[in-house]
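Just so you know, the protein sequences line up as chains A and B, in that order.
Using this note's numbering, the first residue of the first sequence is number -10, and each one after it goes up by one.
Using this note's numbering, the first residue of the second sequence is number 771, and each one after it goes up by one.
Hints should not be assumed to be uniformly reliable.
Listing some non-contacts, in silico: residues in chain A with all C-beta distances to chain B over 10 Å [stated by the list, open to error]: (1) 66; (2) 81; (3) 105; (4) 107; (5) 109; (6) 132; (7) 151; (8) 158; (9) 173; (10) 181; (11) 248; (12) 273; (13) 278; (14) 293; (15) 428; (16) 451.
What the simulated footprint calls covered on chain A by chain B, stretch by stretch (three residues with Cβ under 8 Å from a Cβ of chain B suffice, anywhere in the stretch; the number is not a length) [as the list claims (entries may be wrong)]: (17) 33 to 42; (18) 83 to 91; (19) 355 to 362; (20) 433 to 447.
Calculated directly from the structure, the hints in this document are not laboratory data.
Backbone N, C-alpha and C define an ideal beta-carbon position, used for all residues, glycine too.
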Amino acid sequence: MAATSTNPDNREAPGGPGKGTGAATTTPTRRGTELVLLAFAAVIVTCALTLVNLNLESQPPSQILYYGLAFLALFGLAHLAVRRWAPYADPLILPLVAFLNGLGLVLIHRIDIGNAAEAERAGDAFSPAAPSQVLYTALGLVLLALVLVFVRDHRTLAKYSYTCGLVGLVALALPAVLPSVIAPNINGAKLWIKLGPLSFQPAELAKILLLIFFASFLVSKRELFTTAGRRFLGIDLPRARDLAPVLVAWAASIGIVVLERDLGTSLLFFGIVLVMIYIATERAVWIAIGISLFAAGCLAAYSLFGHVQQRVDAWLNPMTSDSGYQLSEALFGMATGGIGGSGLGGGRPAIVPYAKNDFILAAAAEELGLLGLAALLLVYLLLTARGLRAALAVRDSFGKLLAGGLGFAMLLQVFVIAGGVTGLIPLTGLTTPFLAAGGSSLVGNYVLVGLLLRISDASRRPQQPSKPQPQQPPIAEAHTELVERPR
Amino acid sequence: MSELVIQLTRAGFLALLWLFVLVALRVVRSDLQSASGLRMSVPGAGKKSGKQSRPKTKSPRQLVVTGGALSGTRITLEGRPIMIGRADDSTLVLDDDYASTRHAKLSIRGQDWYVEDLGSTNGTYLDRTKVTGPTKVPLGAPIKIGKTVIELRS
């Protein structure tokens, strides 16, 4: 009972539920557990920062403790917001996110140091990414608190589902249709919108908006997807006309590949649609249909477009391909790291281009080794599991679908980028949630976590005695009804 | 810095990472137990609570949805009445075309739970019998509301 005995509010109150005496019971909010875990995460992050500084600058700056405390204070404020506005929220979600974000900050700082040394050698100007990432973290936490304040009940979101769907679709399509002055082509993908010094990826926002839309759409149109059509080889195939929503999603995701040249975003969106249909209908045939459609689309895209061929070539032959330099450096880095890693600050992860964005997992693998990377991936898995847990426990279908979709979106994102970095699937430009440098992704993921916290709060909150007591006759005055013979 | 210190801190940090994961898993485990109504009856969790949670007569502890769109959902019974229907303030919110806004109510009297139909259009069935007045619900008996099936479990 090591973990549970650390704080008293952990255990359920004596005389818990199900006594049948009608006594009011206190459900544990477990906010204390959350705070303890947050402090633990802060300790880990401070240790990581100390190690980086010990290894790279051979003396610890005296401010490290302050950095650690500032980190704890930042998440402490978020904890207070959760305590105030979502008291029954899942106690694990926020600490896990803090752990990932903090470790990400340290890794970015570490790569900054490496990049700065390189830039100095080459005589280039260099601006570190860690300070802006700290700003984005703060902004993300503010947005998380705002989500908790303004979305008091996740079911209200269902009322705005079509608005969300429309705005999401527009946001998704915006970089593709805008002229390249506003939407420049960065690293072969047209995903960003640049307004002066600010640049962001609208797809990160679109992801959440479309998730809300799909959840609400599927709740109201669930029947459509379960109507069985012809039976073929022992599988109930859906009717051809019911395929329309899937085909639309498929066309949109193929459109992203073609117009925005980004396989990762496309895979993410299509995967989310498929999984949500699967959660709503419990019929695996949708997954099969979706995957075969996607495979066909990818094959077509491969034969038609040069940039897709380039990516696949870099994936299959990273050592010989022209564009495989980044991936091969990452693979060498991970091989250098081995089981235990080179220790924080002991490796050279900065050699890989874009080490702090796309390849931060490679940097983590080089310095923390297989063991450290496995711990990181496990934390992602736990985060998803908590999302799915909230989905299981919440009492309305919309919440179930939304939480399931949000949780899965995070996992799919990690799979796509981790698969790409390790050479399992062709590399695509998705960000590693919370870990990688990138403002829009971080802020978007904090909004996602805010929604998850809200749904988990709803799922764990004990039922209030329903406020507007329905006018129903007392049992003694119940209607006299004709008793029918049971069929 | 000496090589030994580097190696020690390296291993120590990895251990710390895994300790965090293990503590998180621990929280998951205790959460699972409290949510499933087992209430910490793990060995060594204290004999007092272990005895408390095993009353002689088995009274229902939770309501489990076994069929329909919400299947898998569990609600811990806390003595308060449970409203079932399409209304947003219901304890179990159904979105089922065959359910009424306020469809049925489960309430406790003494040790037993009673199901009562609140004038729904399509009726409430307890074990294939239409519920007309407050009817006692035995453990494990299916209650059918529209396409949703629920039952009480201890």
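Does residue 107 (chain A) clear chain B by more than 10 Å, comparing its Cβ with all Cβ atoms of that chain?
For residue 107 (chain A), whose nearest Cβ neighbour in chain B is about 23 Å away, the distance exceeds 10 Å, so it holds.
Could you let me know if the closest chain B CB is still more than 10 Å away from the CB of residue 181 (chain A)?
33 Å, holds
Confirm or reject: residue 66 (chain A) is not an interface residue toward chain B, with every Cβ-Cβ distance exceeding 10 Å.
21 Å, holds
Chain B versus residue 273 (chain A) - minimum CB to CB distance exceeding 10 Å, so not interface
Check passes; 17 Å lies beyond 10 Å.
Whether residue 428 (chain A) stays farther than 10 Å from all C-beta atoms of chain B, as the label says:
At about 26 Å from chain B, residue 428 (chain A) clears the 10 Å cut-off, so the statement holds.
Are there three or more residues in the segment 355 to 362 of chain A whose C-beta lies closer than 8 Å to some C-beta of chain B?
holds (count 4)
Is the coverage entry for the segment 433 to 447 of chain A by chain B consistent with the three-residue Cβ rule at 8 Å?
violated (count 0)
Are all beta-carbon distances from residue 132 (chain A) to chain B longer than 10 Å?
The assertion about residue 132 (chain A) holds, with a minimum of 24 Å to chain B.
For the segment 83 to 91 of chain A, count the residues whose Cβ lies under 8 Å from any Cβ of chain B; is that count three or more?
holds (count 3)
Quick check: the segment 33 to 42 of chain A, covered by chain B? Criterion 3+ residues, Cβ under 8 Å.
holds (count 4)
Would you say residue 105 (chain A) is clear of chain B, with no C-beta pair closer than or equal to 10 Å?
21 Å, holds
If we take the beta carbon of residue 248 (chain A), is the closest beta carbon in chain B still more than 10 Å away?
Given a closest Cβ separation of 37 Å, the condition holds.
In this structure, the hints that do not hold are numbers 2, 16, 20, in rising order.
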